[in-house]
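Protein chains in written order, with full-length UniProt numbering: chain A, 1 to 415; chain B, 1 to 415.
Everything labelled a hint here was simulated from the structure, so no lab data went into it. Worth double-checking, as some hints may not be accurate.
Taking CB as the label site, the calculated pair distances span [said to hold, decoys possible]:
#1 Gly262(A) - Glu215(B): 29 to 35 Å
#2 Asp42(B) - Ala39(A): 53 to 59 Å
#3 Lys172(A) - Glu263(B): 41 to 47 Å
#4 Gly407(A) - Tyr187(B): 38 to 44 Å
#5 Ser217(A) - Glu263(B): 21 to 27 Å
#6 Ala39(A) - Gly313(B): 54 to 60 Å
#7 Lys386(A) - Ser217(B): 47 to 53 Å
#8 Glu290(B) - Ala39(A): 21 to 27 Å
#9 Glu209(B) - Ala39(A): 54 to 60 Å
#10 Asp116(B) - Gly262(A): 51 to 57 Å
#11 Ala43(A) - Glu263(B): 41 to 47 Å
Note that the Cβ used here is the ideal one computed from N, Cα and C, for glycine as well.
Chain by chain, the residues run as shown.
2 protein chains.
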Amino acid sequence: MKRNVLIIGAGGVAQVVAHKCAQNNDVLGALHIASRTKAKCDAVIASVHEKNAMKVPGTFEAHAVDAMDTAAVAALIRKTGAQIVINVGSAFVNMTVLDACIETGAAYIDTAIHEDPAKICEAPPWYANYEWKKRDLCAEKGVTAILGAGFDPGVVNAFARFAIDEYMDEVKSIDIVDINAGSHGKYFATNFDPEINFREFTGTVYYWEDQQWKETSMFASGRDWDLPVVGTCRAYQSGHDEVHSLAANYPNADVRFWMGFGEHYINVFTVLKNLGLLSEQPVKTAEGQEVVPLKVVKAVLPDPASLAPDYTGKTCIGDLVKGTKDGKDVEVFVYNVADHKEAYLEVGSQGISYTAGVPPVAAAMLVATGEWDAKTMKNVEELDPKPFFTILDRIGLPTRVLEGGLGGKDKAWNA
Amino acid sequence: MKRNVLIIGAGGVAQVVAHKCAQNNDVLGALHIASRTKAKCDAVIASVHEKNAMKVPGTFEAHAVDAMDTAAVAALIRKTGAQIVINVGSAFVNMTVLDACIETGAAYIDTAIHEDPAKICEAPPWYANYEWKKRDLCAEKGVTAILGAGFDPGVVNAFARFAIDEYMDEVKSIDIVDINAGSHGKYFATNFDPEINFREFTGTVYYWEDQQWKETSMFASGRDWDLPVVGTCRAYQSGHDEVHSLAANYPNADVRFWMGFGEHYINVFTVLKNLGLLSEQPVKTAEGQEVVPLKVVKAVLPDPASLAPDYTGKTCIGDLVKGTKDGKDVEVFVYNVADHKEAYLEVGSQGISYTAGVPPVAAAMLVATGEWDAKTMKNVEELDPKPFFTILDRIGLPTRVLEGGLGGKDKAWNA
Numbered sequence: 001m002k003r004n005v006l007i008i009g010a011g012g013v014a015q016v017v018a019h020k021c022a023q024n025n026d027v028l029g030a031l032h033i034a035s036r037t038k039a040k041c042d043a044v045i046a047s048v049h050e051k052n053a054m055k056v057p058g059t060f061e062a063h064a065v066d067a068m069d070t071a072a073v074a075a076l077i078r079k080t081g082a083q084i085v086i087n088v089g090s091a092f093v094n095m096t097v098l099d100a101c102i103e104t105g106a107a108y109i110d111t112a113i114h115e116d117p118a119k120i121c122e123a124p125p126w127y128a129n130y131e132w133k134k135r136d137l138c139a140e141k142g143v144t145a146i147l148g149a150g151f152d153p154g155v156v157n158a159f160a161r162f163a164i165d166e167y168m169d170e171v172k173s174i175d176i177v178d179i180n181a182g183s184h185g186k187y188f189a190t191n192f193d194p195e196i197n198f199r200e201f202t203g204t205v206y207y208w209e210d211q212q213w214k215e216t217s218m219f220a221s222g223r224d225w226d227l228p229v230v231g232t233c234r235a236y237q238s239g240h241d242e243v244h245s246l247a248a249n250y251p252n253a254d255v256r257f258w259m260g261f262g263e264h265y266i267n268v269f270t271v272l273k274n275l276g277l278l279s280e281q282p283v284k285t286a287e288g289q290e291v292v293p294l295k296v297v298k299a300v301l302p303d304p305a306s307l308a309p310d311y312t313g314k315t316c317i318g319d320l321v322k323g324t325k326d327g328k329d330v331e332v333f334v335y336n337v338a339d340h341k342e343a344y345l346e347v348g349s350q351g352i353s354y355t356a357g358v359p360p361v362a363a364a365m366l367v368a369t370g371e372w373d374a375k376t377m378k379n380v381e382e383l384d385p386k387p388f389f390t391i392l393d394r395i396g397l398p399t400r401v402l403e404g405g406l407g408g409k410d411k412a413w414n415a
Numbered sequence: 001m002k003r004n005v006l007i008i009g010a011g012g013v014a015q016v017v018a019h020k021c022a023q024n025n026d027v028l029g030a031l032h033i034a035s036r037t038k039a040k041c042d043a044v045i046a047s048v049h050e051k052n053a054m055k056v057p058g059t060f061e062a063h064a065v066d067a068m069d070t071a072a073v074a075a076l077i078r079k080t081g082a083q084i085v086i087n088v089g090s091a092f093v094n095m096t097v098l099d100a101c102i103e104t105g106a107a108y109i110d111t112a113i114h115e116d117p118a119k120i121c122e123a124p125p126w127y128a129n130y131e132w133k134k135r136d137l138c139a140e141k142g143v144t145a146i147l148g149a150g151f152d153p154g155v156v157n158a159f160a161r162f163a164i165d166e167y168m169d170e171v172k173s174i175d176i177v178d179i180n181a182g183s184h185g186k187y188f189a190t191n192f193d194p195e196i197n198f199r200e201f202t203g204t205v206y207y208w209e210d211q212q213w214k215e216t217s218m219f220a221s222g223r224d225w226d227l228p229v230v231g232t233c234r235a236y237q238s239g240h241d242e243v244h245s246l247a248a249n250y251p252n253a254d255v256r257f258w259m260g261f262g263e264h265y266i267n268v269f270t271v272l273k274n275l276g277l278l279s280e281q282p283v284k285t286a287e288g289q290e291v292v293p294l295k296v297v298k299a300v301l302p303d304p305a306s307l308a309p310d311y312t313g314k315t316c317i318g319d320l321v322k323g324t325k326d327g328k329d330v331e332v333f334v335y336n337v338a339d340h341k342e343a344y345l346e347v348g349s350q351g352i353s354y355t356a357g358v359p360p361v362a363a364a365m366l367v368a369t370g371e372w373d374a375k376t377m378k379n380v381e382e383l384d385p386k387p388f389f390t391i392l393d394r395i396g397l398p399t400r401v402l403e404g405g406l407g408g409k410d411k412a413w414n415a
């Protein structure tokens, strides 16, 4: 049994995490949120109180912290008495926050891989470059660290585990498909920080096939997917965290990730990339000013948080898993559909932040109850998916299954 | 008879002007070139000598000058003894250079309208905002000032005058069509300074129809043109200098300007414009740096001068003029075709700079011989076009005519 949560970060996903922690503070205990700018944490807490989100009376405090400073994070963990840390800060702070958890014994939960700001797309498997180097230390010290517990990575890893355990003797392939069929009404915008968003698409696309790493490039490999609710959507093979752990845990399966993009997004992205405007390397203007083009693109694009009020439509994210059962081919599609407008009405965020922010709170609740308090480092597919789905069903992200694969019989996962 | 030429500017067009002046220095006398950076002038002169372009032994000297400083320009005119100034500096220096000519009595020739850096697209007619305010003063002092003597504006104004004088009793419409059917082999590039190039397309498109100014916007009005040599090309109504003087001189004619753009150019332009990346207003990055997006776009695009060596293909620029003769409808297309590769081999520049840089040298030669030494301010259509065409035929830009309009009988203008 662990209690008291410290949230690191105060962006769009942290906002969702804060609301969901508040809605479940009977299980989670005292709540704290910290980022470099305390005012952003104050604003998140104010929005929680505005929605009367606290389930039972309790603490929710804001703090300032430099998450790149392990000693400062450790001191804050001790000061707040947090036994669970949910890290939804920038992709650059994972390792310093994890170190602080190892030092203090607090459980660590994050939603995305660690990144070095100076490097775009390192060698696979990505987790081996940073997080997995601390695996033995976590086991030795009995520290629970749950990696990649957002939606993708996170829930989709649990989808894969569930499909394999329930429906197969042997798995042959896992294709994760992420479609945002929503509309924000702007000419162009990214759903996350544009800098992070574009970094995801400018590197090599790694995937696992025939028991080895293979490479392609963004938008080179596209396919139409006929999905529940959102209909037929085109998605392209993209690099994504969960491929790197699923390939390690299911080395005999092909593992690929597909992200949906409309022609308009691809066109704008392609123009910007080909002109050099997505570069993180500085250029010099005729007047001699040194400027990083990507930071200027970020400055002219809408703030992702500003999209929420007008965002409409749905997301569909799921795993098409193929294998064999009793010598026969089987396939199953495990998925969730979320709604942008409903997310905004509930927690003041758009659907993309919602799907990313709800699952780590479910993971924290399972750590609190002991069901996922593994006392070592785990990726999500290494944990029992059923209690995770049970909580997600209740707190806003229900899991459904198409038995027989796309076009198959639609049911709740536990029906 | 005027002699000795001072060229203001050292960019791509100035390079062409320098070569053409050198090739005709028997008529033009001593040559001088000045810009803010003397080294750029030295480089232009070095390229002239490399091609052995000087027709007869003579002077060609480089100078540093701030063309925004009238007194400095006047002092340089006096020091060099220049009686003709060809201004091919930035669009922002016309008025200071013109004032220096008025002060010293030197003849003034330019190739584009004056612009205020802080204003994009002022009220029509553009010439009335700046240049024409000095018309009475030029007449009073007997100073020759020839405005807009490049290709467009410039040669196309003479095309209109010629078509009307030779073929019509009455003119009904003048449609100027500018097609660059060349290829520079880059993903995207502008043929002039991107800052000036994009400024031309982000403002209101003014045209003259039914004896009044009308407005449209860029790419809103497009039409396919079946042209000699380059074939069928799509061109869009654009704002351009020559519309503003031709409408004053031929108020009963409709006057429109059409510029050719491929779908790729329009797509890139539209993406950049809609994202706000063509703005001349500063934005602030997340790190607090103030940056003008347009200057960053300029920094990532190829330097227009760098395009010349690999530029292939042709330009076609002409006037479709319609009117009546002896009570019957008549039409004629007066045009020139230029070749990028030939321009590069002759003067080291691409075809767009070539077509802009050759005509002001022809105008300077006519001022030198007295034929165009008007002792007042003139737009090109107010001068006799025939001696202009005669020189242009000889120095690289021959004039041709389709009698009967597009698809009509093709002949040299004087055949």
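Checked hints:
1. Gly262(A) - Glu215(B): 29 to 35 Å: For Gly262(A) and Glu215(B) the Cβ distance comes to about 33 Å; the hint holds.
2. Asp42(B) - Ala39(A): 53 to 59 Å: holds (56 Å)
3. Lys172(A) - Glu263(B): 41 to 47 Å: holds (43 Å)
4. Gly407(A) - Tyr187(B): 38 to 44 Å: holds (41 Å)
5. Ser217(A) - Glu263(B): 21 to 27 Å: Given range 21 to 27 Å: holds, Cβ gap about 24 Å.
6. Ala39(A) - Gly313(B): 54 to 60 Å: holds (58 Å)
7. Lys386(A) - Ser217(B): 47 to 53 Å: violated (59 Å)
8. Glu290(B) - Ala39(A): 21 to 27 Å: holds (23 Å)
9. Glu209(B) - Ala39(A): 54 to 60 Å: holds (57 Å)
10. Asp116(B) - Gly262(A): 51 to 57 Å: Between Asp116(B) and Gly262(A), where Cβ atoms are some 41 Å apart, the hint is violated.
11. Ala43(A) - Glu263(B): 41 to 47 Å: holds (45 Å)
The structure is inconsistent with the numbered hints 7, 10, although it conforms to all the rest.
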